[in-house]
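Build the full structure now, drawing on both the sequences and the hints.
Chain by chain, the residues run as shown.
Number of protein chains: 4
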Amino acid sequence: MTDTMKQWTLKDVGRANLGLVSAAVPAPAEHEILVKVSAVSLNYRDLLLIEDGLGFAAKADPFVLGSDAAGVVVAAGAAVTRFKPGERVISTFIPGWIDGPGFGTAREPNYRTLGGAMQGVLSEYIVLDQGWAVKAPESLNDVEASTLPCAGLTAWTALVERGRLHAGQTVVVQGTGGVALFGLQIAAAHGADVIVVSGDDDKLERAKALGARHGINRKKEDWVEAVYRLTGDRGADHILEIVGGAHLGRALQAAAVFGRVSLIGVFEGFDISGHFAPLALKHLTVEGIQVGHRKALEDFVRAIDQTGIKPVVDAEYAFADLPAALDHLARGPFGKIVMNMPG
Amino acid sequence: MTDTMKQWTLKDVGRANLGLVSAAVPAPAEHEILVKVSAVSLNYRDLLLIEDGLGFAAKADPFVLGSDAAGVVVAAGAAVTRFKPGERVISTFIPGWIDGPGFGTAREPNYRTLGGAMQGVLSEYIVLDQGWAVKAPESLNDVEASTLPCAGLTAWTALVERGRLHAGQTVVVQGTGGVALFGLQIAAAHGADVIVVSGDDDKLERAKALGARHGINRKKEDWVEAVYRLTGDRGADHILEIVGGAHLGRALQAAAVFGRVSLIGVFEGFDISGHFAPLALKHLTVEGIQVGHRKALEDFVRAIDQTGIKPVVDAEYAFADLPAALDHLARGPFGKIVMNMPG
Amino acid sequence: MTDTMKQWTLKDVGRANLGLVSAAVPAPAEHEILVKVSAVSLNYRDLLLIEDGLGFAAKADPFVLGSDAAGVVVAAGAAVTRFKPGERVISTFIPGWIDGPGFGTAREPNYRTLGGAMQGVLSEYIVLDQGWAVKAPESLNDVEASTLPCAGLTAWTALVERGRLHAGQTVVVQGTGGVALFGLQIAAAHGADVIVVSGDDDKLERAKALGARHGINRKKEDWVEAVYRLTGDRGADHILEIVGGAHLGRALQAAAVFGRVSLIGVFEGFDISGHFAPLALKHLTVEGIQVGHRKALEDFVRAIDQTGIKPVVDAEYAFADLPAALDHLARGPFGKIVMNMPG
Amino acid sequence: MTDTMKQWTLKDVGRANLGLVSAAVPAPAEHEILVKVSAVSLNYRDLLLIEDGLGFAAKADPFVLGSDAAGVVVAAGAAVTRFKPGERVISTFIPGWIDGPGFGTAREPNYRTLGGAMQGVLSEYIVLDQGWAVKAPESLNDVEASTLPCAGLTAWTALVERGRLHAGQTVVVQGTGGVALFGLQIAAAHGADVIVVSGDDDKLERAKALGARHGINRKKEDWVEAVYRLTGDRGADHILEIVGGAHLGRALQAAAVFGRVSLIGVFEGFDISGHFAPLALKHLTVEGIQVGHRKALEDFVRAIDQTGIKPVVDAEYAFADLPAALDHLARGPFGKIVMNMPG
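Chains as they are written, first to last, in full-length UniProt numbering: chain Y, 1 to 343; chain B, 1 to 343; chain W, 1 to 343; chain R, 1 to 343.
Check the hints yourself; a few may be wrong.
Result set (DSS-like, lysine-lysine): computed pairs, CA atoms no more than 27 angstroms apart in a straight line [as the list claims (entries may be wrong)]:
1. W:203 - W:219
2. W:135 - B:295
3. W:310 - Y:208
4. B:310 - B:36
5. Y:203 - Y:220
6. R:295 - R:84
7. Y:208 - Y:310
8. B:135 - B:295
9. W:310 - W:208
10. W:295 - B:135
11. W:208 - Y:310
12. R:310 - B:208
13. R:208 - R:220
14. Y:135 - Y:6
15. Y:310 - Y:220
16. R:208 - B:310
17. R:135 - Y:295
18. W:84 - W:6
19. R:84 - R:6
20. B:295 - B:84
21. W:310 - W:203
22. W:295 - B:295
23. R:219 - R:208
24. Y:84 - Y:135
25. B:84 - B:6
26. Y:135 - R:295
27. W:310 - W:84
28. B:84 - B:135
29. R:295 - Y:295
30. R:203 - R:220
Rather than coming from a laboratory, the hints here were simulated on the basis of the structure.
So, in structure tokens, the structure goes:
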């Protein structure tokens, strides 16, 4: 094993401050594992962080990017019991959140995530507390497995861990990004009726091939009316709301009685709004989703192996090609973008 | 028993169209009970309906006002099994909602409530399907019992039926109206820490006498900061959000990690809004509450008898004095306003 | 439509008292529908009732057998709103249980079921209160649809309505009778890992073809040890316990931490028993299942249409051949036995 | 601070092998705290372990007894963030169970508890991983606080964490031991109707003074019939079943429709049994309870401070008087027995 390695860092806000730099391979402390990273999945949040800072950029120097890694354990501290060298692992997005309500206070919610308030994983080697990793699913390769910790778990938390989805329910997913396609696949694997809303007929066709029963082109028709039509006015039991802003109001209209709207994304703005009447008259639940805890990730890994779900990877990029990968991310991929680490 | 009776009707939108009119005492059909009404509790909704219509006024002629009645069964149809003459009953706000998710579709949520889309109860006698009534609690008189079907059940549904409140949790109630004070009393009866937010020190003192541990005068300090101070930054586990509009955003700030905001009222507007970050980072649940089902009302009646909670009735008015009662309602009562029916 | 019809009745305990008799076609009352029955599914309970009485036989004269019917509405009372003539329906096993906890008291649990304390459906025509029926799934024919009200709903209630099953969990079903095979299919449709326990290799093969991942021949190996082996000692998250008696104790051993054992059947005795240690140390939940409510049946019908599950009908018998059908039932069918009614 | 201390150890099964011995005061490792113990609460399990071994005795040498300690942090390792010297803490019964389902497999359930498979706390000083302790409630002294980790949390887990108890429900507790009286107090603090079953009128009177509404002397009347009488046949929503053996069957009879029986104790035997019919027909849930997780203990501590519940301590014994305390334990205390540690 070499002593030095490469990692992608951000010195300050803005793409010009990205750097592929050398660093010493870290040594695991007593409770830590050293992981040779084989794949890192990117999220839209990485782009926002690079271009807007989100309050985190340049707080550490060097600040390493990236939150979702898959790799193999190559060394372990003396007190490590959860893993052995040679085992394949994936990282957890919110380190230390094992189960239950999680960290933080009303005044200061938890912001501590990998590649955000904490150092990231876009590095040839990383050390993780043994509690911050989960065994990778046997049915996925590392590129696929790297997409689970953030995008995959977010959809799982919304639909299963909190949503208690079951067969026969109707699920609406907005768009065809990473969380949306995981939502589609998870819902279909539970026997649900999946409706995908997108502005692109080609993407709708590809979504149907993944298990969606219906596609709505929101540029061609009012998507809420289309949900009414497709469900005989019954509406959607679960909606993955990824648009943000005033779009929440539309989701409230599309929801079935006792339905659930999972707030996940905010492409159109952080100030969300909607009308009170459908919320109250239909007894709706609106839930904010921030990825999820380790117990849910372990459940999800088992579900992946059992159902055979294969994450949708739109493109893989070589480790050196982060700028191209970010361009792709900005264009809106169909599913996930993954960085392949050097062999 | 007399053949004719009096009832309050509304011919068209506006107080000028109120009328205390005579009508024939109705006869119960096979599955119905005839109830001699002894008390009717008013809600702010009655005022809105009279002054704005809410889409319901003048749809029936005559349209009888009022949704929440207590009284005694005086006759029963041949197929009635739930009640016998002589038993004291209260009405249900959403007739026929027995348990579970309830009526309506995504497109057309359920609007069918007494004194709204359906005929009301501000009448000396009413007929109700036997499934639309519940036994009155033994520990309350009829004036008190009449406050349960809407205001009381709304608070119960939010905190207990859906909120699964338990001892040691912190509950924030906004204001000192009917739902807020029921929320206070129900929370205190479950061993919760209750914080009341009001703009009136006198009302805060009266709220403390009812079991609130803390009062915040929102005119003297920022109520969210005060919640942080009172809870050591932990925040509130449950918030009864009765203000509406952009006030939801403040509730999201005050909520604890995994907290729950029950949307109940909209004094400041039907277009609710708030910021995404606290919702997601604190994994909050926002639920729309529309009163509740009969099963929950039966549970609540048992709880009333067991805990000794006495609903707070700010004032009783004689049947003929509806205009004065509405004036009181418009001023904002401390608890409930109840109409006493003729003996 | 003819005025008379045939129905299977039981005059007293014992097969000798079975009779295929003529009766007048009933007329629906105001809230009732008249259903022309096309298929009736049999349950082991029907056999017990004929041979042992179960306390019900001969309480009515004539007492009509059978609890699970599929058919078409041919007439409706004036107050019927849920159905129209021409619609296909299935019956509900516990009439009037719409949702929630259901009927009865601690002292007197609910025994009122069709073909038990109430009249049955093994008749060319039946009348049902409109609230006692549910629309048949579009994806099933009447023979298949008739198997849902008891066997199908029992498995659905155990695994979904109460069990909140999700993908990646392990489900063990005992045997290959009607409830067991529905459990297998429902679990597989939710992405669960299904293990079937049987004493017959041929039946295990057929179960695998239906979606079970593993089969355990309990005559060839200890089934609890086999569950440990197949799950890497993790155990089963859900167990459909259909054997009864001391077999509960084995299920407790096979259950995973926080697992759930649904008590459904009692082939080996009504006195159930087991050891306290696994129950407590693994925080297990044991639940008694009595079929389920109408809301769950409606959810299940939607799931049937969405997932394409086809109930397993081992054999169909002509209406006149009830004795042969009962013989088959006594031998232990693979799935369900259904009576075809005259065209 | 002294270098040596005293602790109660067990060399082998049997009281003759108890020893009050000297040992070195331990030093906390990086993640550990050193606690000066001020009180240790005894459980019936301690007596069983001394007299029967339970498989644990003499596995360690010396083996220190006791599972439930209250004390003050006197030193902390460098990595400790949860506590500071000077803070009052209580121990957790199942170390490391933070939240969620907990440890172990189907084959090997978790046995690792303090004073059992792990070293105990009946010692002047103990070291605990920082994650194994919880802040003591401010409203209790150390003697009272020491009763929470096992007896108190067991009742809380059964009724609140898993039972979602609410006002108006009926709770039956068996006996007047530690768990039973906590159950009584927790239930009363949530507005529930509490029935205590005991063979001793004097204890029943004392239980009523603590908040039980009803007492049943099981030597004078059939307790199940008495529950029917007191609830108008409705039955009990929650039953804390502490007797074990065939007594479960009686609890099933006493339970209300959809009721819950928490299996906690086994005074009359580990082989539990009952009849299938009430379990199924009343849709009952039977749950095995093994104390609970740290998150629930933290919730319970908050509830203690908010409700003012004072644990019932039947007697305090000086540290040297363990044999007398064990004699008291064997006689069946009213509430808890606590060892006072040297000042």
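Satisfaction of hint between residue 295 of chain B and residue 135 of chain B, Cα-Cα up to 27 angstroms: 12 angstroms, holds
So if I understand the rule, the pair passes when the alpha-carbon distance is 27 angstroms or less; does residue 295 of chain R with residue 84 of chain R pass? Given pair residue 295 of chain R, residue 84 of chain R holds - Cα atoms ~20 angstroms apart, limit 27 angstroms.
If you draw a straight line from the CA of residue 84 of chain R to the CA of residue 6 of chain R, is it 27 angstroms or shorter? 24 angstroms, holds
Residue 295 of chain B paired with residue 84 of chain B [C-alpha distance capped at 27 angstroms]: Holds, at about 20 angstroms.
Hey, residue 310 of chain W versus residue 203 of chain W, does the alpha-carbon distance stay inside 27 angstroms? 17 angstroms, holds
Restraint check for residue 135 of chain Y with residue 6 of chain Y, where alpha carbons must lie at most 27 angstroms apart: 24 angstroms, holds
Can you confirm whether the C-alpha distance between residue 208 of chain W and residue 310 of chain Y stays at or below 27 angstroms? Given that 27 angstroms is the threshold and the Cα spacing comes to 23 angstroms, the pair holds.
When you check the alpha-carbon spacing of residue 208 of chain R and residue 310 of chain B, does it fall within 27 angstroms? 23 angstroms, holds
Does residue 208 of chain B lie within 27 angstroms of residue 310 of chain R when you go C-alpha to C-alpha? Satisfied, since the Cα-Cα distance of roughly 23 angstroms is no more than 27 angstroms.
Proposed proximity, residue 135 of chain B with residue 84 of chain B (alpha carbon, max 27 angstroms): Satisfied, since the Cα-Cα distance of roughly 11 angstroms is no more than 27 angstroms.
Is residue 135 of chain W within 27 angstroms of residue 295 of chain B, Cα to Cα? 25 angstroms, holds
Would you check the hint for residue 84 of chain Y and residue 135 of chain Y, treating anything up to 27 angstroms between C-alpha atoms as holding? Holds - the C-alpha atoms of residue 135 of chain Y and residue 84 of chain Y are around 11 angstroms apart, at most 27 angstroms.
In summary, the one numbered hint that this structure violates is 15.
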